[in-house]
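A.B. asks: Quick mapping for you: the protein sequence lines, in order, are chains A and B.
Take any residue in the first sequence, count from 1 to its spot, add 187: that is its number in our numbering.
Take any residue in the second sequence, count from 1 to its spot, add 12: that is its number in our numbering.
Treat the hints as calculated values from the structure; they're not laboratory data.
Certain hints may be false.
[To be verified] With a cut-off of at most 27 Å between alpha-carbon atoms, the simulated BS3-like pairs for lysine-lysine come out as follows:
(1) A:K210 with B:K460
(2) B:K431 with A:K301
(3) A:K383 with A:K209
(4) A:K321 with A:K359
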Amino acid sequence: MKCGIVVFPGSNCDHDCYHILKKILNQETHWLWHKDEVDLSSFDLIVLPGGFSYGDYLRAGAISRFSPVMNSVIHLAENGGNVLGICNGFQILLESGLLPGALMQNHTRKFICKNVYVRVETTDTPFTQKCNDKLVLEIPIAHHQGSYYIDPHSLSDLEEKGQILFRYCDAKGSISESSNPNGSVGAVAGLCNEQKNVMGMMPHPERCADPLWANTDGQSIFQSLISQS
Amino acid sequence: MQNEPEITSQLVKDHGLTSDEYRRILDLIERPPNFTELGIFSVMWSEHCSYKSSRPFLKKLPTEGPRVLQGPGENAGVIDIGDGLAVVFKIESHNHPSFIEPRQGAATGVGGIMRDIFTMGARPIALMDSLRFGELDDPRTRFLLNGVVDGIASYGNCTGVPTVGGEVYFDSCYNGNILVNAFCLGLAKADRIFLAKAGGVGNRILYVGSKTGRDGIHGASLLASSEFDDTTEDKRPTVQVGDPFTEKLLIEACLEIMEFSWVVGVQDMGAAGLTSSTFEMAHRSHAGVNMDLSKVPLREEGMTPYEILLSESQERMLFVIEPGHEEEATIILEKWGLDAAIIGEVTDELGVRIYFEGKEVVNLPTLPVVDGALDLKRETQRPEYLDKIGHLNLTELPEPARGDKAFTKLLACPNIASKEWVYEQYDHMVRLNTLVLPGSDAAVIRIKDTKKAVALSVDCNSRFCYLDPYEGAAIAVAESSRNVVCSGATPIGLTNCLNFGNPEKPEIMWQFEQAVRGMGDACLYFDIPVVSGNVSLYNETKGEAIFPTPTVAVVGLIEDLSKVMTAGFKQSGHCIGLIGFTMEELGGSEYLKVLFDKNEGKPPVLDRKHEKQVQKFCLELIQKGLIQSAHDCSEGGLAIAVAESCFTATEEALGATLELESTLRGDALLFGETQSRIVISFPEELTDQIEDLALSYPVDFSLIGKTGGSQFTVSINGQEYIKQDIESAKEIWKTSLGRYAGQTT
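From just these sequences and the hints, can you work out the full model?
C.D. replies: Given below as structure tokens:
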């Protein structure tokens, strides 16, 4: 799988994604600089990594969406290429209109960094096809603006079309207010577009994919992508 | 310059200089300084920059060792960890700014310490913070706690450097003067360490980073080098404002530029800004500098040379590069969107000449400015309070029949309760190196592309230091080192942040002298070199000093990261053992404070020889794979240590049953803070092997109980003393600090 990791000014998890894709999963991995508008058609996967692009000033992702590289990313997405946005990358995907909805400040009004559980809601996407249905993954979150919002009508639309990939849950897979760390509507932790080639998620799969740690649940997402390329 | 204030004795005084010091300036430069030059002396001779009160004492700290590549005197200390790599680390205070403006004060403290690290060519890979606040009942404490934690989170998280550990402590002695000590560790190639050097004549001075504004002027001289009083609020404009996004760009750009051999030296603009970076670089290289302030990127119009030189605007660096490479440097900096300008060059003059709008505004020799402040021979005197509180009469202390109440009260006390509310606000995982997350004895950071890891711990029990600064400081070294050992690491270096009151008071200087001696003796005995540090004096408000707080951070090395150890019990049915023995010591304990609101007596005795044996034994047990957990006994004593190992067990909390035999008072046995004790757990079949090894040292070792069940039960001499449901106990411990911090009234 040929992967590209976009580096925005303020990207922090770019090195972590590179470490997992290149060193742990042995995939061909390239850096993509935010100022470069380039042809991405040869890539199987573009990752928009976590971090604080442009310091999250104005609004998380609001400035990055204007980076030249985003024109290339949007072009690729419109032509069916796979794009994965993690944390800040998810925020950028929403700001650039590739995914619907918005991310607001956590309902705790604080940054939260901890392990949470998410339930796989559909395996019918390139990002989850190697997971089992209703599988529970333990994945860390680390964000201040991760409370997903979309109007109720659009939310049920997303549900119907199978665009919700992950919901926050407890270790056993049940969903309740106490297992929702940031107040997201529908406990949504990750979703994709209607064409199912663009996915954004707040949890960090790259933080639980190195076998040095006991938990490698994040690998299932990367393995899903690798298996289809 | 026109319109410059005339130099009067009042102006000299307003600049924090004594009349003796002003006379010394006249002697050294053989003429009166102009206004700008007076400003330069003011900051450079301030306590904060010159260490004039503390330097004579600091010379007694051991600073050398086979792994030490760079000791004190540079931006940070450097220790060789093999594989061609080195760790670069330092701890630094940002106390006064954080009290006046907690969010920005703490944020810029983090920014400043990070710059100290990447200035040396190291990528920052871990942050820790030692935080001390006043009494819980004061609503301002909660405001400061929330502000400081938010400031650290906002800055550290945004720069992508994980905050992996630290300590949070409350005591009324910090009511008027909180402590924010920030630690950073970076990783560098051992042969690519950058120093603050100017090098040869003709080298270019390159200004990099944020534009210079009017913020932070006299932060070092007036804010950090005097006590707080009623005018303190007026000093808020001396607090700098941080921009972590620019810091992040600065990290990446600087590390990229430092790949090139034409970079001669680097210095960050921290305390005393452009002034100290310029004078210190010139002085260290026995060179001079010509600089044109008209070329400095400015944030606002109309700034005077005085303001430009004394500004403490954040996120600025000074590079010295060989001529002919200006364009290459600028291309890299522009790529990262940073301001850059050549503002001067190196001369062979041993002096600094500064120009502004075509006129010379400063012409000073470097030596008097950098090294001219006289070391003060501060008087020392043993404080009288020691006679009043130095003795604790245990017979007057009612001994409870059972320990349940004390146990749950201690678990709820924010000094002991879980710090989860704090560290969940910090990104402690980014960069994929945090092997042991916050909440264990030490944070453990793996070193990528090697089999190694480093363990980090920051510690100080300031109550002990108040009761006996010598012993208290020695205990801080021992405990921090013990924490690192409990993680499976060998201590390799230490950095300190010495927070004390007003040095003009002989009693404070006595505390300082004792603490530095205690620290030095302990470091020498345990063979841990002090490679960097920071002194913060004048930590008092309206005459009330803080407890002496010589915070230490110990860095340890783990050669094989598969041998990392954590504090939590691993499995039901394992044996619980105690390394070390318990004495009847309640002086200065958290138990005494929480149950009786007293801080008196003597701190626990530190038997250094015994401590060394305990640490060595524990390390051998870990390296041989004989034990499953190791946890240091500290605040709250044995009962709390075992309970913490229960709470941090691998899955849900594990219960434990302790059966103790002892002639001591029950409260001293369970809540006393005797040093040199470690709680371990292991499978039963290894008991003989561990006991035999203990005998061979010899080191005290006893079996005290077993893991398992849903209760935390302790019996002494066959009599039940504590019985608590483990999940409820954990809930108290886990949520107490967050509940406190979240209160709105």
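A.B. asks: For every hint, state whether the structure bears it out.
C.D. replies: Going down the list of hints, with the structure as the test:
no. : hint               : result
1   : A:K210 with B:K460 : holds (11 Å)
2   : B:K431 with A:K301 : holds (13 Å)
3   : A:K383 with A:K209 : holds (24 Å)
4   : A:K321 with A:K359 : holds (10 Å)
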